[in-house]
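S.K.: Letter by letter, the chains look like this.
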Amino acid sequence: MVFPVLECFHILGFILLAGSIALIDFRLLGALLRDQKPADLSVDAAPWTLIGLALVLTSGALLFASDPDHYYLNHAFQFKMAILLLALAFHYTIHGRAVRPGASPGAGKLTACLSLALWAGVIGGGIFIGFVNGPE
Amino acid sequence: MTPVLRFAQWLQYTDWAAALRYSATVYPVVLTLHLVGIAFFGGLIVFTDLRLLGLTMRRLPITRVIDSLRLPKQIGFLIVVACGVSLASAKAEEYYYNKFFWAKMSLLALIAVHGLVFGRSVYRGRHEPAPSQAKLAGGLSLLLWTGVMICGRGIGYIEPPLEKLHALLRLR
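Protein chains in written order, with the working numbering: chain A, 3 to 138; chain B, 29 to 200.
Since the hints were made in silico from the structure, they are not lab data.
This structure is a prediction, so every number in the text was calculated from the model and none was measured.
All C-beta atoms in this analysis are idealised placements derived from N, C-alpha and C, irrespective of residue type, glycine included.
One or more of the hints may lead you astray.
[Unchecked claim] DMTMM-like, lysine to aspartate or glutamate: derived pairs with alpha carbons at most 25 angstroms apart:
#, chain 1, residue 1, chain 2, residue 2
1, B, 101, B, 43
2, A, 39, B, 191
3, A, 111, A, 42
4, B, 127, A, 9
5, A, 39, B, 43
6, B, 127, B, 191
7, A, 111, B, 43
8, B, 101, B, 187
9, A, 111, A, 37
10, B, 101, A, 71
11, B, 101, A, 37
12, B, 163, A, 42
13, B, 192, B, 43
14, B, 127, B, 187
[Claimed, not checked] Computed list of chain B residues with no C-beta within reach of chain A, every gap over 12 angstroms:
#, residue
15, 35
16, 43
17, 46
18, 117
19, 135
20, 153
21, 159
22, 192
So here's chain A without its partners, still in its complex pose (with noise of 0.2 angstroms):
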């Protein structure tokens, strides 16, 4: 009862993770809210970015220790940490450098198409942890 109801956290966690920095991407990419600067919009969606974070790491940090040898283990969660960390690393400098103002439109599509592919990844990640060689 306890490992689904963390389930939903970590789902709720990651789609205001993930969405709160795909709205950032869709407006680079000149999807909506285009009379926004980009950079108005970052520091609306940071705090809900920073909340979904808290909430994926928490309870993914315990989702985790139901189980350390099921997950270590696993390739597709070592692909999703890799990933995690670099998309994270991105997330605080790439793309907080391409939402400033001045910066080039170019960059920022290249910037939110790179950042929504690595979120992507993540996701990717964390379902096939159930599909790939679980040692049980």
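Go by the hints and put chain B onto chain A.
M.R.: Chain B only, in chain A's frame:
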């Protein structure tokens, strides 16, 4: 046998559904697309609701946020539904016996009703909605979508009644 069960059996034997059911790679790929869509585009729903609740983007009018996010949300909804229908087709007969599946479908129907009920006052009004109406709509929307998410995750936890199924389950 009910017509719905007959339809479920027909559906799961269509080429696409059967191929998806027995594929060790395509099934999780479609499931990934379903969840990536939920994260990216469900995120837009969450932000619409948060704006309705007055918790973000307060300098922007509600109508501006709703109108601007509508098309991306609609495109996202189509992607998520296309993946969802595929996933459900692959296990149609199993899902016929799944209480969480039917709860999820009922909540989605309620969300359609929600859209109609608040259509004029909030979602498709020409004027900025009254704050109380906006907050009620945003709060209800968040609750309903959270329910859909919980039921969606719950589907995977129900053991199918093996003696009643006609299609072979995937081996793993």
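S.K.: All the hints need checking, so say for each whether the structure fits it.
M.R.: Tested hints:
no.	hint	verdict
1	B:101 / B:43	violated (30 angstroms)
2	A:39 / B:191	violated (59 angstroms)
3	A:111 / A:42	holds (17 angstroms)
4	B:127 / A:9	holds (19 angstroms)
5	A:39 / B:43	violated (48 angstroms)
6	B:127 / B:191	holds (17 angstroms)
7	A:111 / B:43	violated (39 angstroms)
8	B:101 / B:187	violated (33 angstroms)
9	A:111 / A:37	holds (16 angstroms)
10	B:101 / A:71	violated (39 angstroms)
11	B:101 / A:37	holds (18 angstroms)
12	B:163 / A:42	holds (23 angstroms)
13	B:192 / B:43	holds (22 angstroms)
14	B:127 / B:187	holds (11 angstroms)
15	35	holds (28 angstroms)
16	43	holds (22 angstroms)
17	46	holds (18 angstroms)
18	117	holds (18 angstroms)
19	135	holds (14 angstroms)
20	153	holds (19 angstroms)
21	159	holds (18 angstroms)
22	192	holds (24 angstroms)
The structure fails to meet hints 1, 2, 5, 7, 8 and 10 from the earlier list, while all remaining hints are met.
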